[in-house]
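2 protein chains.
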Amino acid sequence: MLSYDLDEKNKYYSLYEHIRDDILSGKLKSGFRLPSKRAMAENASVSVITVQNAYDQLLAEGYIYSKERSGYFVEEVNADFYGKRELPEIVREKKAEYKIDFVKGNTLTELFPFSVWSRLMRSVLSDCGEHLLQRVPCDGDAELKRAVASYLYRARAIDVDPRYIVIGAGAEYLYGIIVQLLGRDKLYAVENPGYGKIRSTYILNGAEVVGVGVTDAGINCGEVEKSGATVVHFSPSHQFPTGAVAPVSERLRLIKWARENDGYIVEDDYDSEFRLVGKPLQCAYNLCPDRVIYMNTFSKSLAPSMRMGYMVLPHGLYERYLKLFESSACAVPLFEQKTLAKMLDGGFFERHISRLKNRYKAVRQAVYEKVKLLPYPTEVLDTGSGLHLLIRFPTAKNDEEVKERAKKIGINLKCVSDYLLSPAPVLDKCAIINYSGVTEKQISSIEIN
Amino acid sequence: MLSYDLDEKNKYYSLYEHIRDDILSGKLKSGFRLPSKRAMAENASVSVITVQNAYDQLLAEGYIYSKERSGYFVEEVNADFYGKRELPEIVREKKAEYKIDFVKGNTLTELFPFSVWSRLMRSVLSDCGEHLLQRVPCDGDAELKRAVASYLYRARAIDVDPRYIVIGAGAEYLYGIIVQLLGRDKLYAVENPGYGKIRSTYILNGAEVVGVGVTDAGINCGEVEKSGATVVHFSPSHQFPTGAVAPVSERLRLIKWARENDGYIVEDDYDSEFRLVGKPLQCAYNLCPDRVIYMNTFSKSLAPSMRMGYMVLPHGLYERYLKLFESSACAVPLFEQKTLAKMLDGGFFERHISRLKNRYKAVRQAVYEKVKLLPYPTEVLDTGSGLHLLIRFPTAKNDEEVKERAKKIGINLKCVSDYLLSPAPVLDKCAIINYSGVTEKQISSIEIN
Numbered sequence: 000m001l002s003y004d005l006d007e008k009n010k011y012y013s014l015y016e017h018i019r020d021d022i023l024s025g026k027l028k029s030g031f032r033l034p035s036k037r038a039m040a041e042n043a044s045v046s047v048i049t050v051q052n053a054y055d056q057l058l059a060e061g062y063i064y065s066k067e068r069s070g071y072f073v074e075e076v077n078a079d080f081y082g083k084r085e086l087p088e089i090v091r092e093k094k095a096e097y098k099i100d101f102v103k104g105n106t107l108t109e110l111f112p113f114s115v116w117s118r119l120m121r122s123v124l125s126d127c128g129e130h131l132l133q134r135v136p137c138d139g140d141a142e143l144k145r146a147v148a149s150y151l152y153r154a155r156a157i158d159v160d161p162r163y164i165v166i167g168a169g170a171e172y173l174y175g176i177i178v179q180l181l182g183r184d185k186l187y188a189v190e191n192p193g194y195g196k197i198r199s200t201y202i203l204n205g206a207e208v209v210g211v212g213v214t215d216a217g218i219n220c221g222e223v224e225k226s227g228a229t230v231v232h233f234s235p236s237h238q239f240p241t242g243a244v245a246p247v248s249e250r251l252r253l254i255k256w257a258r259e260n261d262g263y264i265v266e267d268d269y270d271s272e273f274r275l276v277g278k279p280l281q282c283a284y285n286l287c288p289d290r291v292i293y294m295n296t297f298s299k300s301l302a303p304s305m306r307m308g309y310m311v312l313p314h315g316l317y318e319r320y321l322k323l324f325e326s327s328a329c330a331v332p333l334f335e336q337k338t339l340a341k342m343l344d345g346g347f348f349e350r351h352i353s354r355l356k357n358r359y360k361a362v363r364q365a366v367y368e369k370v371k372l373l374p375y376p377t378e379v380l381d382t383g384s385g386l387h388l389l390i391r392f393p394t395a396k397n398d399e400e401v402k403e404r405a406k407k408i409g410i411n412l413k414c415v416s417d418y419l420l421s422p423a424p425v426l427d428k429c430a431i432i433n434y435s436g437v438t439e440k441q442i443s444s445i446e447i448n
Numbered sequence: 000m001l002s003y004d005l006d007e008k009n010k011y012y013s014l015y016e017h018i019r020d021d022i023l024s025g026k027l028k029s030g031f032r033l034p035s036k037r038a039m040a041e042n043a044s045v046s047v048i049t050v051q052n053a054y055d056q057l058l059a060e061g062y063i064y065s066k067e068r069s070g071y072f073v074e075e076v077n078a079d080f081y082g083k084r085e086l087p088e089i090v091r092e093k094k095a096e097y098k099i100d101f102v103k104g105n106t107l108t109e110l111f112p113f114s115v116w117s118r119l120m121r122s123v124l125s126d127c128g129e130h131l132l133q134r135v136p137c138d139g140d141a142e143l144k145r146a147v148a149s150y151l152y153r154a155r156a157i158d159v160d161p162r163y164i165v166i167g168a169g170a171e172y173l174y175g176i177i178v179q180l181l182g183r184d185k186l187y188a189v190e191n192p193g194y195g196k197i198r199s200t201y202i203l204n205g206a207e208v209v210g211v212g213v214t215d216a217g218i219n220c221g222e223v224e225k226s227g228a229t230v231v232h233f234s235p236s237h238q239f240p241t242g243a244v245a246p247v248s249e250r251l252r253l254i255k256w257a258r259e260n261d262g263y264i265v266e267d268d269y270d271s272e273f274r275l276v277g278k279p280l281q282c283a284y285n286l287c288p289d290r291v292i293y294m295n296t297f298s299k300s301l302a303p304s305m306r307m308g309y310m311v312l313p314h315g316l317y318e319r320y321l322k323l324f325e326s327s328a329c330a331v332p333l334f335e336q337k338t339l340a341k342m343l344d345g346g347f348f349e350r351h352i353s354r355l356k357n358r359y360k361a362v363r364q365a366v367y368e369k370v371k372l373l374p375y376p377t378e379v380l381d382t383g384s385g386l387h388l389l390i391r392f393p394t395a396k397n398d399e400e401v402k403e404r405a406k407k408i409g410i411n412l413k414c415v416s417d418y419l420l421s422p423a424p425v426l427d428k429c430a431i432i433n434y435s436g437v438t439e440k441q442i443s444s445i446e447i448n
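Going down the list, the sequences are from chains A and B. Residue 105 in numbering that gives the first Met the number 0 is what sits at position 106 of the first sequence, and the numbering runs on without skipping anything. Residue 132 in numbering that gives the first Met the number 0 is what sits at position 133 of the second sequence, and the numbering runs on without skipping anything.
The set of hints was computed from the structure by calculation and includes no laboratory data. Fair warning: this is a prediction, and the values are worked out from it, not measured in the lab. Possibly wrong hints are sitting among the right ones.
Any copy, or any two copies together, can satisfy a pair, since identical chains are not distinguished.
Unchecked claim - Taking lysine-lysine pairs in the PhoX-like style, the calculated list, with each CA pair at most 20 angstroms apart, reads: (1) 413 <-> 396; (2) 225 <-> 360; (3) 278 <-> 10; (4) 28 <-> 255; (5) 255 <-> 406; (6) 371 <-> 440; (7) 66 <-> 28; (8) 10 <-> 36; (9) 185 <-> 98; (10) 402 <-> 66; (11) 322 <-> 103.
Whole structure, please, built from the sequences with the hints as guidance.
Quick look at the structure:
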């Protein structure tokens with residue numbers, strides 16, 4: 000007779016578990032007739048109802064079957080592998096700690112207008128109420144799309160029909176959508192050197208990628224033309240890491256190439272808000288809205304935890320987008336979308352950017368002053384766009400020496416060559432000073448021996 | 000001499016725009032020398048500084064170049080395609096309106112505990128403060144992962160190490176991650192009939208997909224074995240649309256197949272919370288956590304606007320996941336993650352589910368009563384799992400007639416055959432009554448002539 004010690008708190012489940020495990024482990028063989036409910040109840044000192052519940056569950060899951068007037072029998076189950084598993088340890092790499100980090104691209108969150116943000120959130124909660132539970136169309140909330148269009152007009156002089164905007168859960172998410180839209184039968188050109196993340200995200204999404212060299216006029220158009228690519232991902236207003244700005248002639252050459260080859264250009268305008276000298280540069284999208292996908296994100300300008308980005312699609316692509324995704328819901332919660340719309344419409348976002356810019360101007364100034372004190376010859380390469388500049392050390396032995404020197408005084412930095420995706424001629428002995436997550440005080444505290 | 004009417008409000012930008020457009024349209028040819036700043040200022044009745052600003056912007060963007068002591072010249076730009084574009088209309092399909100919709104799968108939002116949710120949101124805002132701005136690890140906030148693990152233990156008796164949980168922006172997002180994890184060189188088997196969305200999302204992500212038949216014991220294991228697939232996506236606890244529940248013998252057979260073929264099983268437990276009769280069924284993950292990816296979403300149980308889902312990965316896959324995505328941030332905002340964690344830990348989620356279940360039991364009951372009144376012979380096929388059942392009309396001519404009859408009384412429904420991905424033998428004349436977005440009152444109001 001089967002005999003089990005049952006958990007007093009949940010007898011039915013405990014009985015079910017015991018019998019189930021005995022079947023899985025092979026102790027109860029296929030065809031074995033279980034004790035009648037009454038007998039089992041007596042033996043286990045539980046009620047017949049409890050046994051009935053346990054048997055019902057085993058029946059529903061297919062561990063046993065019943066035959067009218069003869070009782071319950073064990074099903075044929077084959078689980079020779081069944082057993083407890085030992086979970087191995089997960090090793091997560093520990094990162095070294097630095098006093099100053101010029102590698103991480105996180106924006107300073109201390110200037111984020113948290114009280115404004117939380118006030119807007121509260122007002123969205125009370126204004127929108129249960130409407131916040133509704134499904135959001137694939138391309139985002141119409142109110143946010145309109146607010147983004149209007150912001151783009153104010154800040155970037157882009158005249159965009161809000162309908163063509165697609166809101167997505169951050170830049171990487173949108174890269175994935177682009178591959179799904181344009182297809183995997185195309186070759187995608189990315190900047191080399193460039194963000195490894197862009198390349199790896201395209202590759203993870205199944206696209207074939209080729210790296211194309213960068214000159215001081217941005218991505219090398221001649222190389223693009225010869226590459227066989229039909230999609231180009233570039234950042235004409237501030238290439239990372241070289242800082243190159245593409246002049247209009249190069250942008251137009253690339254557009255011409257795209258028009259003639261049924262190609263598309265992804266304009267990644269990732270830090271255009273932060274042109275610290277002069278006005279923002281006109282974007283490539285404006286020159287040819289039929290061939291350029293304009294893309295930007297709020298993760299950098301608002302906060303790293305807010306995965307929100309957007310792209311503006313050419314008309315034909317937008318139609319294809321709708322066809323593919325109309326039955327899907329937007330991946331960004333409506334709540335965040337409504338709050339951001341209020342932030343943009345109320346002018347809070349631009350005020351935040353302007354505060355950030357002032358702060359970064361001071362940081363940049365501090366970098367310049369510190370550089371003057373360096374005991375080695377230096378060249379500063381800076382176009383005034385975005386949140387990084389380059390310092391070249393012509394007398395250093397090599398890139399390793401540049402990084403070693405920095406490491407000795409607690410500074411984490413990378414060189415331009417660290418961002419090569421494949422071998423290519425590139426500025427050597429050139430440190431990238433990405434100051435987006437660094438304070439003036441930190442810069443001043445650097446001790447130069 | 001160049002002469003422009005400038006916008007009084009923003010003279011510098013207006014001047015810049017005029018010159019830029021003249022260069023792009025070819026009115027100002029390459030090599031043309033611009034008037035000196037002083038001459039331009041006089042001619043346009045603006046200050047020299049204004050002209051300087053406009054010229055600086057043109058310079059920065061590469062429209063002009065300067066030669067020392069000789070002035071500013073137009074660059075060579077090739078923009079023969081440049082011009083204003085007409086935006087075509089975007090046609091979005093208008094959906095027909097029905098009195099009752101048994102097709103849409105949206106959960107009733109009226110029972111959503113909105114006041115609890117907004118209270119929790121407010122408390123997250125004040126408790127977490129600026130911590131909410133921090134970057135979230137790729138696999139989600141540790142607090143939410145722990146809360147989900149603990150919920151899974153309480154509700155589904157799944158003993159899962161919280162570390163192996165990955166939080167993502169909804170089910171479709173996670174399907175994409177699965178393809179990136181497992182690769183595109185594999186064949187993915189999906190249920191046929193089944194959700195078209197699952198197949199199309201895999202295909203959009205570049206995977207090759209094969210449809211595998213469904214019996215009343217769920218996905219046909221024999222067909223899976225012969226298909227050449229090494230990944231199977233199935234819903235053993237409540238197949239859509241057939242409603243089939245896979246008995247443990249079939250689950251084990253599939254697991255055995257996965258173990259022997261280095262395969263993986265995606266267990267889509269999409270509506271397991273809503274087993275309205277008896278207790279939830281044990282999931283396949285429990286039987287073999289090394290080969291099964293368990294997946295579920297909160298979009299159905301909370302609200303359609305909340306794109307939040309999760310999966311539990313086998314150890315080996317979790318390590319590969321970290322390798323691929325450790326440098327990415329989670330696509331779900333931290334704010335929603337913290338709020339959901341509080342909702343789970345406080346027992347609010349389970350209370351909500353239990354309220355929903357009571358409501359759906361009543362709706363289901365109303366369906367049964369209405370069916371009794373139908374003037375045609377019917378068979379109800381219902382395993383008591385999830386939020387849909389099937390009604391078969393054996394005397395109807397065909398599926399079209401079933402849908403036509405429903406349409407006449409304002410009801411939108413589909414038949415099982417509408418979910419065929421490729422031709423296969425399937426129950427005919429079988430209407431799917433998906434009552435997840437329907438009220439008792441709506442059911443009672445159906446007029447049967």
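Taking the hints in turn, this is what the structure says about them:
Proximity of residue 413 and residue 396 under a CA criterion of 20 angstroms is satisfied intra-copy only: 15 angstroms inside one chain copy versus 72 angstroms between copies. Taking the shortest Cα distances, residue 225 and residue 360 never come within 20 angstroms of each other, neither inside one copy (40 angstroms) nor across copies (65 angstroms). With identical chains, the CA atoms of residue 278 and residue 10 are at most 20 angstroms apart between copies only, with a shortest distance of 14 angstroms across copies and 73 angstroms within one. Proximity of residue 28 and residue 255 under a CA criterion of 20 angstroms is satisfied inter-copy only: 18 angstroms between copies versus 74 angstroms inside one chain copy.
In the homo-oligomer, the alpha carbons of residue 255 and residue 406 never lie at most 20 angstroms apart, since the shortest distance is 45 angstroms inside one protomer and 53 angstroms across protomers. Taking the closest pair of Cα atoms, residue 371 and residue 440 come within 20 angstroms of each other only inside a single copy of the chain (17 angstroms); across copies the shortest separation is 78 angstroms, beyond that limit. For a Cα distance limit of 20 angstroms, the shortest separation of residue 66 from residue 28 inside one copy, 17 angstroms, qualifies, whereas the shortest one across copies, 94 angstroms, does not. Taking the closest pair of Cα atoms, residue 10 and residue 36 come within 20 angstroms of each other only inside a single copy of the chain (14 angstroms); across copies the shortest separation is 91 angstroms, beyond that limit.
Within a single copy, residue 185 and residue 98 get their C-alpha atoms no closer than 44 angstroms, and across copies no closer than 46 angstroms, so neither meets the 20 angstroms cut-off. Taking the shortest Cα distances, residue 402 and residue 66 never come within 20 angstroms of each other, neither inside one copy (77 angstroms) nor across copies (39 angstroms). With identical chains, the CA atoms of residue 322 and residue 103 are at most 20 angstroms apart between copies only, with a shortest distance of 18 angstroms across copies and 38 angstroms within one.
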